[in-house]
Amino acid sequence: MAKTILAVDDSSSLRQMVAFSLKAAGYQVVEAVDGQDGLEKAKLQTVDLVLTDQNMPKMDGLTLIKSLRGLPGYQKTPILMLTTESSEDMKTKGRAAGANGWLVKPFDPQRLIEVVKKVIG
Amino acid sequence: MTTRKKILGSHVKRLLSGVSDHGRRHLSEVETDLVQTTLLLEEAVEKLTSSFMAIHHVVDSRQEAINRLLAGQAPTAEESACLTGMSGEIAGHVNAAVTSMQFQDMTSQLLDRTLRRVTGLRDFLTTLSEHGDGILPESDGDEIVERLGKVSMALAIQSLELRSMLRKSVEQRHLESGDVELF
Numbered sequence: 001m002a003k004t005i006l007a008v009d010d011s012s013s014l015r016q017m018v019a020f021s022l023k024a025a026g027y028q029v030v031e032a033v034d035g036q037d038g039l040e041k042a043k044l045q046t047v048d049l050v051l052t053d054q055n056m057p058k059m060d061g062l063t064l065i066k067s068l069r070g071l072p073g074y075q076k077t078p079i080l081m082l083t084t085e086s087s088e089d090m091k092t093k094g095r096a097a098g099a100n101g102w103l104v105k106p107f108d109p110q111r112l113i114e115v116v117k118k119v120i121g
Numbered sequence: 001m002t003t004r005k006k007i008l009g010s011h012v013k014r015l016l017s018g019v020s021d022h023g024r025r026h027l028s029e030v031e032t033d034l035v036q037t038t039l040l041l042e043e044a045v046e047k048l049t050s051s052f053m054a055i056h057h058v059v060d061s062r063q064e065a066i067n068r069l070l071a072g073q074a075p076t077a078e079e080s081a082c083l084t085g086m087s088g089e090i091a092g093h094v095n096a097a098v099t100s101m102q103f104q105d106m107t108s109q110l111l112d113r114t115l116r117r118v119t120g121l122r123d124f125l126t127t128l129s130e131h132g133d134g135i136l137p138e139s140d141g142d143e144i145v146e147r148l149g150k151v152s153m154a155l156a157i158q159s160l161e162l163r164s165m166l167r168k169s170v171e172q173r174h175l176e177s178g179d180v181e182l183f
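Taken in sequence, the protein lines are chains A and B.
Note that my numbering numbers the first sequence so that position 111 is 111, with each residue one more than the last.
Note that my numbering numbers the second sequence so that position 130 is 130, with each residue one more than the last.
Incorrect hints may have been included.
No more than 20 Å apart at the CA atoms, straight line, and that leaves these computed lysine to any residue pairs for SDA-like [unchecked claim]:
| no. | chain 1 | residue 1 | chain 2 | residue 2 |
| --- | --- | --- | --- | --- |
| 1 | A | K23 | B | M101 |
| 2 | A | K91 | B | S169 |
| 3 | A | K93 | B | L166 |
| 4 | B | K13 | B | T2 |
| 5 | A | K93 | B | F183 |
| 6 | B | K6 | B | D140 |
| 7 | B | K5 | B | P137 |
| 8 | B | K168 | A | K23 |
| 9 | B | K13 | B | Q172 |
| 10 | B | K13 | B | K168 |
| 11 | A | K93 | B | S169 |
| 12 | B | K13 | B | E130 |
| 13 | A | K91 | B | K168 |
No lab work stands behind these hints: they were computed from the structure.
Small disclaimer: the values here were computed from a predicted structure and weren't measured.
In isolation and in its complexed conformation, chain B is listed as follows (with noise of 0.2 Å):
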């Protein structure tokens, strides 16, 4: 085999590596981030559909004994107890309803993420494409490899940029509150 022939396959060789590193590695990032997205929403809609079905429940029951009340009946300790700490127990549910609602502040940045992902991949097909455009089948060995070269840098450039831009910043699993610190 020539020296030429060498290089051209060398090139040739880095280059579809390349292309199938940057491929990988970020696909793998697309899905964790989907899976974590999957798993955030099923636990907001689990919890959600819980703290609606609580305060529905509380509500029912604070108006059955409105209803007493207003059919004339004293209420018992028991009940004029009961209806004090009704207010506290919807509190509590909607509490909680506002801390699985934050689910959209967390999908919505894993799903940009995602999204920015997909358009840097679509661009760094594009790039492998145009570069492609200027290899003729009369172009010869020297040439070729020259655009190889040319191709494989912009392409680690571009693969640079688009690892830098998308740092991970949910780390969550779960809609559980968060540690505070004060400094």
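Isolated chain A, as found in the complex (with noise of 0.2 Å):
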């Protein structure tokens, strides 16, 4: 059974290029469009896998993460960012807010793929 991937970011374009690229390696991916969709999303179907940005309206990633991370099934779910940010004081933000992974914006499609394979295979 295909993994199930959680794609949360306020950009419908983005969404659409993190969608295309994962479902061609054969992953399930559901949308959100920030971080409180994220947030509803992940309590109505346990997801594999989390992708989120971190700047959009309503709830950015960290919020999100943190908010995961209180959930029950979600204290292990691995957490990717993926945003614009690139420096280090967002980094250690979200690894100490529970991310796994941070991945600078532009993604190359291929990369991803192969972060997201390292990480739940």
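Bring the two chains, given one by one in their own frames, into a single complex with the hints.
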């Protein structure tokens, strides 16, 4: 059975690019338009990996990670940040919030798939 | 010069210098963001055009090979290998296009920041005008000094709020794939 990835980003074009790349590699993708939407979708179904942007309306990526880590079933789910942010300060905050990795945009689809495979197989 | 005039002069100077510093700082940032947006857009157009042309070329070549097969010609070993490799070639160009298409995410963040900065500057000038309206020709020196003090304070607060709200989240100047770090 295909593994499911929750892709959270307020940019519809970016979500499309992520979904296109991951689906081509055989993953199922659930899309969410911001952190709040991502949290709601994560509650509705358990996913194998969360890929989230940082700067989004309603709820940002770091807040989403902290909220997810408080949910049963999401303490150990891999969460990767996919963001334009590249400062060490933000990466440290992401790590402290519970992120398992940091990918700086723009992403290369092949590289994204390699990372996802490394994390969830 | 009387002390009162000196105080008034000092308040006017502080206000003018505050408005000038604030305006210049934000307009410099607007300029930087717009230059960065232009660079990203130019690179995106260049790379997407290149990917489009490359995909078009491979698809054309593949169609020619298919046409030869349909005409009953048996493919040579070289043609077979070439046909097999075409899918990978197309995938490589599509991947490059996917990376370039992410310009929209970055430029929209930069433009949003510019827009908020411009709106903030307009609010700043509105505050200046509103406080200025309270200064009448018949106002005495003390009243003018008080009003100038208030407007300087209001503008300083607005300037701080605008700066704190506009942290820069996009530093990219090229559409090269970014770093990956697993914790």
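Do the hints match the structure? See the list:
no.	hint	verdict
1	K23/A to M101/B	holds, 18 Å
2	K91/A to S169/B	holds, 13 Å
3	K93/A to L166/B	holds, 19 Å
4	K13/B to T2/B	holds, 17 Å
5	K93/A to F183/B	holds, 12 Å
6	K6/B to D140/B	holds, 14 Å
7	K5/B to P137/B	holds, 16 Å
8	K168/B to K23/A	violated, 32 Å
9	K13/B to Q172/B	violated, 39 Å
10	K13/B to K168/B	violated, 31 Å
11	K93/A to S169/B	holds, 14 Å
12	K13/B to E130/B	holds, 19 Å
13	K91/A to K168/B	holds, 15 Å
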